[in-house]
Amino acid sequence: MKEEKNIQEELEDLSPLLAKMKREHPQTGFSVPPAYFQDLTNALLEKTTPPIADSQPSWWQSLTAQIGLLLQPRMSMSLAAIALLLVGLWYFGADSASVLDSVADVTPTLEDLEQYVTANLDDFNEEILIEYQTQQPTLDVEMEDIPDNWLDDLETEDLL
Amino acid sequence: MVTQHEDANDVVQNCLIKVYRSIDKFKGDSKLYTWLYRIATNEAITFLNKKKRVSVASIDDEQAATPAQQLQADVYFDGNEAQRQLQLAIQQLPEKQRAVFNLRYFDEMTYADIAAITGTSVGGLKASYHHAVKKVEAFILNG
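Those protein sequences? They're chains A and B, same order as listed. Taking the numbering used here, the leading residue of the first sequence gets 3, the next gets one more, and so forth. Taking the numbering used here, the leading residue of the second sequence gets 134, the next gets one more, and so forth.
You may find that some hints are simply not true.
Straight-line alpha carbon distances no greater than 27 Å define the calculated DSS-like cross-link-like pairs of lysine-lysine that follow [to be verified]:
1. B/K229 / A/K22
2. B/K164 / B/K151
3. A/K49 / B/K259
4. B/K185 / A/K49
5. B/K183 / B/K229
6. B/K267 / B/K164
7. B/K185 / B/K158
8. A/K24 / B/K267
9. B/K229 / B/K184
10. B/K164 / B/K185
11. B/K268 / B/K164
12. A/K49 / B/K267
13. A/K22 / B/K164
14. B/K151 / A/K24
15. B/K185 / B/K229
16. A/K24 / B/K268
17. B/K184 / B/K160
18. A/K22 / B/K267
19. B/K185 / A/K22
20. B/K164 / B/K229
21. A/K49 / B/K183
22. A/K49 / B/K151
23. A/K49 / B/K158
24. B/K259 / A/K24
Keep in mind the hints are simulated off the structure, nothing from the lab. Just so it is clear, the structure is predicted and the values come from calculations on it, not from any experiment.
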């Protein structure tokens, strides 16, 4: 009651016109249709209750439903990505095996190397070759370990 | 908040369905009726905003009825001319201000309860209500 009085006094202070209208006509002017709330219950139950399936779907309906599910954008994109990955693995896997085979074919033999050096001896830098030869590890052998008959057969040129 | 029976019916049904689905989320930290009012107010404002977007899309429709015509044609409005003018004046208010005015003027709610419903401070509500009253009075006086 006190709050209502405060509300009315507040309205009197703000607008005597509206305060008078509220005293004379406190309602909004709208009315509720007859039997509205009785019908409202049924209307709400229809909206909130899920429909019951009439019968079991046939095999054709279930098949089309599954195909439709596969054609969903997310599912089809996933399948496409997986297919691309498998194709890529198969292609590049096969390709690498053939590369290894081709590399093995290209590897030169010792005979190939000797032939190459002989054919292109003039292209080699003599200084580098001499330096390489002089840097070869020498036999760390004491003279006493060499058999005497070997020394007899040893020529001076062999020591150069 | 809405002035047509079909709109009110939609809002009421949406509100009750939302209450039915959200009742588990009611923690009891506010009064039940303020919680219900909050859902109803938000549903009404959402409905009005959606209707406004639809009406903007069809702005060239010259056959669209004015609020006065709609109120006149509504069979469930049986108020007198003064009440009709008042309802037309209230429809000019922005949605949130309209809610504050209705809750204070017709439902005679305290500012504390209205604050719990709208999420606005008591001071802001007082200012909003005062402005709403002045706007409604000016509309009625100017015809």
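Going down the list of hints, with the structure as the test:
Simply put, B/K229 and A/K22 have alpha-carbon atoms about 25 Å apart, close enough for the 27 Å limit, and the pair holds. At most 27 Å may separate the alpha-carbon atoms for a hinted pair to count; B/K164 and B/K151 meet this at roughly 17 Å. Proximity of A/K49 to B/K259 is assessed by CA-CA distance (about 39 Å); at most 27 Å being required, the pair is judged violated. With a C-alpha separation of about 25 Å, the suggested pair B/K185 and A/K49 falls inside the 27 Å cut-off, and the hint holds.
Between B/K183 and B/K229 the alpha-carbon distance is near 14 Å, which keeps this suggested pair within the 27 Å criterion. Among the hinted pairs, B/K267 with B/K164 is inconsistent with the structure: their alpha-carbon atoms are about 31 Å apart, more than 27 Å. Under the criterion of a C-alpha separation no larger than 27 Å, the hint pairing B/K185 with B/K158 is inconsistent with the structure, at around 30 Å. Between A/K24 and B/K267 the CA atoms are separated by roughly 15 Å; this keeps the pair inside 27 Å, and the hint holds.
Among the hinted pairs, B/K229 with B/K184 is consistent with the structure: their alpha-carbon atoms are about 15 Å apart, no more than 27 Å. As the CA atoms of B/K164 and B/K185 are separated by approximately 32 Å, the hinted pair breaks the 27 Å bound. Distance check on the hinted pair: B/K268 and B/K164 sit about 31 Å apart at the alpha-carbon level, beyond 27 Å; violated. For a cut-off of 27 Å, the pair hint linking A/K49 to B/K267 is broken: about 42 Å separates their Cα positions.
Proposed proximity of A/K22 and B/K164 is contradicted: the alpha carbons are some 32 Å apart, above 27 Å. Simply put, B/K151 and A/K24 have alpha-carbon atoms about 33 Å apart, too far for the 27 Å limit, and the pair is violated. This hinted pair checks out: B/K185 and B/K229 have alpha carbons roughly 14 Å apart, not beyond 27 Å. Taking the CA atoms of A/K24 and B/K268, the gap is near 16 Å; set against the 27 Å cutoff, the hint holds.
Taking the CA atoms of B/K184 and B/K160, the gap is near 32 Å; set against the 27 Å cutoff, the hint is violated. A distance of roughly 15 Å separates the Cα atoms of A/K22 and B/K267; the hinted pair therefore holds under the 27 Å criterion. Between the alpha carbons of B/K185 and A/K22 the distance comes to roughly 33 Å, so the proposed pair goes past 27 Å and is violated. The suggested pairing of B/K164 with B/K229 holds, with an alpha-carbon distance near 21 Å, which does not exceed 27 Å.
Annotation: proposed proximity of A/K49 to B/K183 holds, straight-line Cα distance about 21 Å (limit 27 Å). For a cut-off of 27 Å, the pair hint linking A/K49 to B/K151 stands: about 12 Å separates their Cα positions. Between the alpha carbons of A/K49 and B/K158 the distance comes to roughly 21 Å, so the proposed pair stays at or under 27 Å and holds. Restraint check: the Cα-Cα separation between B/K259 and A/K24 comes to about 19 Å, which is no more than 27 Å; the hinted pair holds.
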